[in-house]
Amino acid sequence: MTIVGLQNVKPKRDTLLGQYKRHWALFVMLLPVLVYYIIFHYFPMSGIIIAFKNFRFNDGMFASPWAADNGLAHFKKLFTGMYFAPVFRNTLIISLYKILFTFPAPILLALMLNEIRSQKFKRVAQTITYMPYFISWVVLASIVIEVLSPSRGFVNYFINQLGMDSVYFTGDPRTFRGVLVGSGMWRNTGYQAIVFLAAMSNIDPEMYDVADLDGAGRMQKIVHVTVPSIMPTIIIMFIFAMGSIMNDDFDQVYNLLNAKTLSVGDVISTYTYRVGLQQMDFSYATAVGLFRNVVSLVLLTGSNFVFRRVSETSLF
Amino acid sequence: MRKLLAVLLCLAMILPCVTAGAEEANRFQDREPISVEWLAYNTYGQPDPASSKVIQAVQEKYNIDLSFWFVDDQQWDEVLGVRLASGEMPDIMKIKNVQNTSKYQQQGILAEITPEMLAKMPSYTAAVDAYDADDNIWVDAMVDGKIYALKGINLGSSYPTTLIWRLDWLKNVGIDATPVTIEEWETALRKVTFEDPDQNGKNDTYGISNTVISAVFGAFGAIPLKEFRGSGTQNLFMTKKDGKMVFAATQPEAKQALELLARWYAEGLIDPEFITGENTGGYWAVSQAFENNKVAVMGMSMANHWNPPLVEGAAPGACLKSFLELHPDAVFGETIIPGLPPVGPEGKSGTHTWGVAGGSFGITAKAAEDPEKLDVLLQMIEDVFADFDYAAMTSYGFLEDNDYSIIEGVYATNPEKYPDTAASTKAGLNVLNATVSNPEFAKLFNKPQYDFFDQWKTTGYMDEKYPAVPAQDQYLADLKTFTLQTYVDIITGTQSVDSFDGFVAKFNEQGGKQIEDEINAAMGL
Amino acid sequence: MAFNQRSDFLWKRQTAGDKLFTGIIYAALVLVCMITLLPILQVVTVSLSPNDVVGQYGLHLFPTRISLSGYEKVLQFKPIWTAYLNTIIRSALGIVITQVLLALGAYPLSKKYLPNRGFWTFLVLLTMYFSGGIVPNYILITKYLKLRNTVWALVLPAAVNAYTLVIVRNFFEAIPDSLEESARIDGASEWRVLTSIVIPLSKPVIATTALWSLVYHWNTWLDCMLYISDASRYVLQLVLRQILLQGQLQDMNIMTQVSVNNDTMKMATLVVSILPVIVIYPFLQKYFVKGVMIGAVKG
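So the sequence lines, in the order shown, correspond to chains A, B and C.
The numbering of the first sequence is this note's numbering, which starts it at 1 and goes up by one.
The numbering of the second sequence is this note's numbering, which starts it at 1 and goes up by one.
The numbering of the third sequence is this note's numbering, which starts it at 1 and goes up by one.
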């Protein structure tokens with residue numbers, strides 16, 4: 001066998017077959033994963049076809065008749081729905097708010113935890129912030145409504161103490177998106193911080209010592225050592241976040257949504273739940289999923305393209 | 001003496017049935033055992049044939065092997081849909097949402113219930129007919145004029161939901177009895193809102209919240225929606241006008257009710273937090289706002305949720321029990337009391353009523369392919385209606401095993417043995433009766449309960465039944481949301497009452513009219 | 001060791017600005033902890049309180065009177081012990097399979113010289129965005145693979161998630177090439193580089209993804225309801241759901257006495273179900289200590 005590592009240093013034009021011959025060991029490693037994806041993902045993916053059909057249970061997915069309008073009837077139903085435009089807009093706006101406010105939160109938390117010298121305090125703080133993630137939205141939503149209640153919630157108690165009137169946060173279109181963003185942060189930040197903490201534990205301590213010798217303050221060390229070191233992780237997470245703009249959090253929204261806040265809080269998943277799944281309409285549900293995923297994929301590849309240009313990190 | 005009488009009465013009922021049952025049973029013993037997949041039950045838990053004596057007794061009686069599908073009630077449509085879509089079927093299934101009957105039929109899941117099949121269940125058919133005063137009981141079980149589902153008959157659901165007042169509050173503000181007319185209601189609500197009925201020195205009470213709003217609509221002639229919270233998944237009710245089915249939500253009466261509600265809201269008589277719900281957790285019929293001294297009257301629950309112990313040692317109704325935990329000194333009839341729904345200017349009134357034949361269950365195409373299986377399924381349903389002993393056994397289990405007790409003629413499940421419905425479902429109680437019961441038997445099981453129901457019965461609006469039509473698939477989901485949103489906006493003053501006219505026009509234009517037309521055509525009206 | 005000593009030495013010499021900075025961070029973290037502790041306190045207190053306390057409006061952050069009735073009701077529900085075991089088996093199996101496949105998949109994808117690397121990565125990523133939905137998956141697992149009523153139906157379909165795979169790949173990429181070079185010059189095969197260099201250096205990301213798998217397997221129940229019909233093989237969350245669902249159904253069946261399912265019991269159920277996942281986290285935290293990875297190699 002040749003010394004494999006050297007190819008890395010000295011790239012040589014090679015035929016594709018030659019490359020596979022040389023790196024067969026690498027490809028053999030990948031093989032089980034590829035087989036897994038083909039069986040458990042690519043095979044069932046053929047079910048997407050029912051988005052263009054009227055799925056009849058007795059006929060099966062492939063023999064079912066094509067939907068009206070050249071197979072596009074379910075898409076037509078989605079796009080011409082009375083609420084499609086506002087729901088699509090709400091989904092985008094809420095997701096952008098979440099990227100703006102929710103995305104940096106776990107990074108900030110991880111950075112703060114990373115600055116703590118007392119292992120005991122760090123461990124306790126880390127565990128406490130991690131815990132709310134395990135409370136389901138059904139339960140958490142009722143706590144959110146209680147905490148924010150205009151008549152008995154303690155947030156409004158403080159507002160009243162400041163001499164202002166109570167705000168019905170969960171029942172007011174002006175504040176509802178804030179409630180979604182805030183409660184999402186409340187629940188998920190600690191859990192999401194873990195991946196950044198993992199990235200930070202990869203940083204060579206020597207880099208901090210070098211910075212110390214240069215007389216860097218703690219803030220400077222964060223800016224010049226910690227953040228650049230975890231930047232690849234941040235970028236990957238950010239690209240994924242862009243790719244999940246269309247994936248709203250159904251459980252969260254569904255449990256908090258009400259008649260007053262539908263106009264600002266109704267998102268694609270809650271909307272299509274009402275229209276489709278309650279009526280066993282798998283074709284419609286698949287069509288919605290397909291639409292959503294195409295948009296997501298465009299956003300993902302778009303942001304991936306941008307990061308491939310401006311940084312060394314990208315998904316592919 | 002009364003006990004003895006009750007027992008004699010029961011015996012008189014049972015004896016003829018028992019002999020009939022014995023003859024019937026024989027014809028099943030001559031063939032091989034048939035396997036039956038059962039989903040016609042409320043999935044509070046999963047029945048376990050291995051440990052349940054009830055299930056074993058039924059298996060023996062009909063010479064069948066039962067297996068049970070478990071489908072989570074909260075994910076019913078999703079989970080059942082997936083299994084049906086991949087070609088699996090139970091033999092008999094509960095139809096949770098009757099509006100899906102036509103979907104199941106189109107997908108070839110449900111077998112047609114032919115007149116011959118009904119003829120094999122004379123007791124069942126007679127019981128259904130006895131409660132079919134309006135000749136419409138089968139409407140939502142039919143597709144294209146043929147029956148595809150069996151209607152469940154449930155006597156308790158024939159009673160209207162109850163309005164419960166804080167009588168102590170009314171007395172504190174100088175009112176002696178629960179109000180009746182809309183004017184009396186308004187006066188009472190105003191007093192309990194502003195005159196500190198709970199005497200805590202704070203202006204922290206309201207008249208009503210979410211669950212009473214539908215009764216206010218009732219005063220004007222029709223209830224458009226059951227509740228005014230959530231995000232619009234509730235059914236829109238229909239009403240009959242000039243012999244035609246129309247959506248209650250678009251009628252001029254609804255505008256009158258909205259006008260009144262908007263005024264009450266502006267005046268502060270309605271709890272502004274009705275939007276996020278009056279029930280904030282726990283059992284669905286409980287109103288935390290009512291229990292926590294926030295509102296003076298609540299709706300939605302049934303009379304039997306409020307009955308004091310009817311016989312010695314029995315538990316009080318679920319809502320009363322919960323209320324007593326927070327108000328240990330409360331007395332039914334003094335602290336709290338059922339009241340009448342508000343009576344409108346034209347003398348109309350009523351609360352929402354589930355209706356005696358709310359639910360459905362169906363026999364699947366798979367079961368219908370096998371004549372012997374079909375035969376046994378039909379006999380099982382017939383026996384629930386014809387055979388008192390069998391009905392008692394499938395509902396309550398065995399007396400000798402202490403599954404239940406009979407005190408003063410009241411059948412009561414043993415709470416030690418079955419502390420919750422998951423446990424009783426596991427033991428097969430209320431599973432093989434397909435969640436239906438003969439109303440005559442139901443009265444025998446718990447006469448005081450129905451006496452109590454009758455004592456507090458008020459006027460009510462039953463959901464008008466209508467068949468599923470294609471236009472619903474296209475438009476109804478959006479119309480539900482549109483209606484709820486507009487109604488709440490009008491009540492809370494975000495939109496003016498006059499915007500109601502624009503709402504009606506848009507509602508009809510967005511498919512409302514088409515749905516009405518298709519329904520009327522389907523019903524031949 | 002030498003490094004640590006120097007760090008400690010420098011730590012003592014922190015400036016006034018650094019001290020203020022530390023103070024702000026501690027204060028901020030204490031505040032964050034107080035806010036995030038709130039729902040936990042509510043859940044735990046409700047699970048320990050009698051009904052009359054729970055029924056009252058407002059938050060219940062500290063128990064005033066203790067009642068263990070909720071826990072008694074949940075723990076007397078016998079199937080939960082089997083269900084616990086089933087969940088543990090499922091999780092353990094799931095974590096092992098996932099970790100093996102993640103390492104096997106992420107390592108080649110992290111190498112720039114893997115032929116068609118972009119294509120293979122994209123092939124994996126695409127599965128995040130195109131899925132046939134639940135019906136074809138159900139048919140695949142029950143009809144073609146015949147995995148009904150086996151633990152494999154719960155473990156295999158979600159064995160490798162594209163998102164996790166890419167994150168692990170990213171961590172592998174971050175390992176300095178220099179560490180691998182020396183091994184390669186000694187003639188180590190790809191397999192040896194993976195097992196003796198890359199994996200030992202990747203404990204933090206292994207801990208992270210193992211936790212993700214654990215959380216997934218611990219919380220998921222829908223697949224169990226679909227694929228498992230034998231109640232003795234049910235996972236914990238499905239069994240607990242059966243307890244929770246009572247009292248939620250708006251049915252009018254009054255033939256049985258309705259048992260009112262109270263919030264005390266619900267919250268006790270929640271505590272029973274999440275306690276193990278919460279307790280395990282502090283044990284994983286040693287893998288997230290700064291410098292643990294590089295230190296391990298250099299030390």
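In case anyone wonders, no lab produced these hints; they're calculated from the structure.
Cβ coordinates follow ideal geometry from the N, Cα and C atoms, glycine included.
Just so you know, not all the hints are guaranteed correct.
Only pairs whose alpha carbons sit at most 25 Å apart, straight line, appear in this in silico BS3-like list of lysine-lysine [stated by the list, open to error]:
| hint | chain 1 | residue 1 | chain 2 | residue 2 |
| --- | --- | --- | --- | --- |
| 1 | B | Lys53 | C | Lys73 |
| 2 | B | Lys480 | B | Lys513 |
| 3 | A | Lys122 | C | Lys286 |
| 4 | C | Lys143 | B | Lys53 |
| 5 | B | Lys513 | A | Lys76 |
| 6 | C | Lys146 | B | Lys366 |
| 7 | B | Lys417 | C | Lys78 |
| 8 | A | Lys122 | C | Lys203 |
| 9 | A | Lys221 | C | Lys146 |
| 10 | B | Lys321 | C | Lys19 |
| 11 | B | Lys255 | B | Lys241 |
| 12 | A | Lys122 | C | Lys19 |
| 13 | C | Lys73 | B | Lys417 |
According to the in silico footprint, chain C covers these stretches of chain B (three or more CB under 8 Å from chain C) [what the hints assert, rightly or not]:
| hint | region |
| --- | --- |
| 14 | 142-150 |
| 15 | 319-327 |
| 16 | 369-377 |
| 17 | 413-422 |
Against the structure, the hints come out as follows:
1. The straight-line distance between the Cα atoms of B:Lys53 and C:Lys73 is roughly 24 Å, inside the 25 Å bound, and the hint therefore holds.
2. With a CA separation close to 14 Å, the supplied pair B:Lys480 and B:Lys513 stays within the 25 Å bound.
3. At roughly 11 Å between alpha-carbon atoms, A:Lys122 and C:Lys286 fall within 25 Å of each other, so this suggested pair holds.
4. Using a Cα cut-off of 25 Å, the hinted pair C:Lys143 and B:Lys53 is violated, with the two alpha carbons roughly 33 Å apart.
5. Only pairs whose Cα atoms come within 25 Å are accepted, and B:Lys513 paired with A:Lys76 is accepted, the gap being roughly 21 Å.
6. The hinted pair formed by C:Lys146 and B:Lys366 meets the criterion: a straight-line CA distance of about 22 Å does not exceed 25 Å.
7. The straight-line distance between the Cα atoms of B:Lys417 and C:Lys78 is roughly 13 Å, inside the 25 Å bound, and the hint therefore holds.
8. Proximity of A:Lys122 to C:Lys203 is assessed by CA-CA distance (about 19 Å); at most 25 Å being required, the pair is judged to hold.
9. Proximity of A:Lys221 to C:Lys146 is assessed by CA-CA distance (about 56 Å); at most 25 Å being required, the pair is judged violated.
10. At roughly 58 Å between alpha-carbon atoms, B:Lys321 and C:Lys19 are farther apart than 25 Å, so this suggested pair is violated.
11. Of the pairs offered as hints, the one joining B:Lys255 and B:Lys241 holds, with about 16 Å between alpha carbons and a cut-off of 25 Å not exceeded.
12. In summary, the hint linking A:Lys122 to C:Lys19 is supported, as the alpha carbons are separated by about 17 Å, within the 25 Å threshold.
13. With a C-alpha separation of about 12 Å, the suggested pairing of C:Lys73 with B:Lys417 holds against the 25 Å cut-off.
14. Judged by the Cβ-Cβ criterion of 8 Å, the region 142-150 of chain B is not covered by chain C as claimed, because only 0 of its residues qualify and three are needed.
15. Counting residues of the region 319-327 of chain B whose beta carbon lies closer than 8 Å to any beta carbon of chain C gives 4, which reaches the threshold of three, so the coverage claim holds.
16. Beta-carbon proximity to chain C at under 8 Å applies to 0 residues in the region 369-377 of chain B; the threshold of 3 is not reached and the given coverage is violated.
17. Coverage of the region 413-422 of chain B by chain C holds in this model, with 6 residues showing a Cβ closer than 8 Å to a Cβ of that chain against a need of three.
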